[in-house]
Each structure stands twice: as structure tokens, then as C-alpha cells.
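I would like the entire structure built from these sequences, with the hints used as guidance.
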Amino acid sequence: MPTLLLVRHGRSTANTEGLLAGWSPGVALDERGAAQAAALPGRLAELPLSEIVASPLQRCQETIQPLLRARPGLTAHTDERIGECHYGDWTGRKLAELKDEPLMEVVQAHPSAAAFPGGESMRAMQTRVAEAVREWNARVERDHGPDAVYLMCSHGDIIKSLVADALGLHLDLFQRISVEPCSITAIRYTRLRPYLVRLGDTGDFASLVPREEPPADDAPVGGGAGAP
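In our numbering, the protein residues as written are 78 to 305.
If you are wondering where the hints come from, they were derived from the structure by calculation, not from laboratory data.
There could be a bad hint or two in this list.
[Stated by the list, open to error] Restraint ranges, calculated between C-beta atoms of paired labels, are given here:
{"no.": "1", "residue 1": "Ala112", "residue 2": "Arg148", "range": "17 to 25 Å"}
{"no.": "2", "residue 1": "Ala201", "residue 2": "Gly222", "range": "29 to 37 Å"}
{"no.": "3", "residue 1": "Leu269", "residue 2": "Glu208", "range": "35 to 43 Å"}
{"no.": "4", "residue 1": "Pro179", "residue 2": "Gly119", "range": "43 to 51 Å"}
[What the hints assert, rightly or not] No farther apart than 20 Å at their CA atoms in a straight line, the calculated lysine to aspartate or glutamate pairs in the DMTMM-like style are these:
{"no.": "5", "residue 1": "Lys171", "residue 2": "Glu197"}
{"no.": "6", "residue 1": "Lys171", "residue 2": "Asp249"}
{"no.": "7", "residue 1": "Lys171", "residue 2": "Asp107"}
{"no.": "8", "residue 1": "Lys171", "residue 2": "Glu257"}
{"no.": "9", "residue 1": "Lys176", "residue 2": "Asp107"}
{"no.": "10", "residue 1": "Lys176", "residue 2": "Glu94"}
{"no.": "11", "residue 1": "Lys176", "residue 2": "Asp166"}
{"no.": "12", "residue 1": "Lys171", "residue 2": "Glu94"}
{"no.": "13", "residue 1": "Lys176", "residue 2": "Glu197"}
{"no.": "14", "residue 1": "Lys176", "residue 2": "Asp295"}
{"no.": "15", "residue 1": "Lys171", "residue 2": "Asp156"}
Keep in mind it's a predicted model, so treat the numbers as computed, not measured.
Note that CB positions come from ideal geometry on N, CA and C, so glycine has one too.
Dropping the structure here:
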């Protein structure tokens, strides 16, 4: 079965403003995010990509554009099922405000029980994206063979939920996973089990430099802004 490269979109204006973007329209890459996207063709130059699939949201569509320009014969598809979690009434709000919401404690400690008011549950999010990946695996294998490599450009919580699914982790453990903007996560699927072969690879270790203030205990909903 194919190998899937999961690329989180480049850093967005919402990331730097501390907003939970969700499905808000018009959330674009910021200057750093555009530079991260521009570097993707070089990072992936040796890989024979067979397909690109992207979330319909602007920040993902912008992230894949440099790849499409570098590989004009590559087919790109849009799939709403790999779009961001539907955060409902939380969409567009500041993360600093949301941390005091009682639901945030559930999102952090028991996400399988979390359902966003006016939105979807985290269980439903994981189910839809896992089903999408399995359908794309079958399609890519049919069209390009079992050794094909394809790419999906999606969002932080979406990618974390797929990693948990691949590792056989309960969704309640997915907040222990971190994927920075424009990081690459690779999952090789086989008939009997998936293998996680890369996790959140950016090639940049700046985020590991000790800071004056320790990182927050809570996982950033939506994935966070990455290294400063």
C-alpha cells in the first residue's frame, strides 16, 4: 500500500495572532508560512509524488502551490474530509480566552468526549479523516501501484489524529503528539499495519532551544504556531 506524506500548512496569520482559525475564510499564510511553503519542493525533490490532496482551506491551498509549480504534471485534488476540525462557536476566538473554558480541560485530557458547541466532536473529526485516508490509499494504489508516495496537506489536529490512528493510540492520547507548521509526517501503510516513519519533521531544531519560559503544559488546539 502507499506511503502517505502528511504536510501541515505553513504558518498562518491566525497562528501568529493566536486565533483558533477553524473554517474561518480568508486565513492566509503569513510571510514565514509562505517561505516554508516555498521550501517544500526542495525538501521533497527526491520523492516521486503521485498525487497531492489538500484541505479546501486557503492556508492549505497556498501551501501546495509551490509544489504544483515545481511539478506541473502533478494532479492536485481537494477533499473537504481532511479539512480542519469544525470548532463551531469557538471558531475565530483567541486561544488565550478559550483556555478558561471548561470544555478546554476536556479537549486536553479526554478529547474523545469533547464536542465543540455548534461544531463537531473530536471523535467525528478523527473518523472522517481516517476514512478519507483509507479511501485515498486504495485509489492511489489502484492508479499508481503499491509503492506509490502521495501527499496530503492538512491541519494540526487532523494530522495528530491520523498519527494516533496509525499507532493504535486512543484519541485521548493524541494531545501528546506535536506537528509544527509545514512539518512532514510520513506513514507507510501495509496490508496488516501502518508504520510511522517520520513525525513532524521540519529539519529545524530551533523550537528545541531552551526558553526563558517553559512551554505550556496544554497542547495548542489547532496545532500552534511552531518555533518562534
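Each hint tested on the structure:
1. Ala112 / Arg148: 17 to 25 Å: 19 Å, holds
2. Ala201 / Gly222: 29 to 37 Å: Between Ala201 and Gly222, where Cβ atoms are some 33 Å apart, the hint holds.
3. Leu269 / Glu208: 35 to 43 Å: 19 Å, violated
4. Pro179 / Gly119: 43 to 51 Å: 45 Å, holds
5. Lys171 / Glu197: 19 Å, holds
6. Lys171 / Asp249: 24 Å, violated
7. Lys171 / Asp107: 17 Å, holds
8. Lys171 / Glu257: 19 Å, holds
9. Lys176 / Asp107: Answer violated: Lys176 to Asp107 is near 24 Å, above 20 Å.
10. Lys176 / Glu94: 15 Å, holds
11. Lys176 / Asp166: Status holds; Cα separation ~14 Å.
12. Lys171 / Glu94: The hint holds at about 8 Å.
13. Lys176 / Glu197: 19 Å, holds
14. Lys176 / Asp295: It holds: about 9 Å lies between the C-alpha atoms, which stays within 20 Å.
15. Lys171 / Asp156: 27 Å, violated
This entry does not satisfy hints 3, 6, 9 and 15, going by the numbered hints stated previously.
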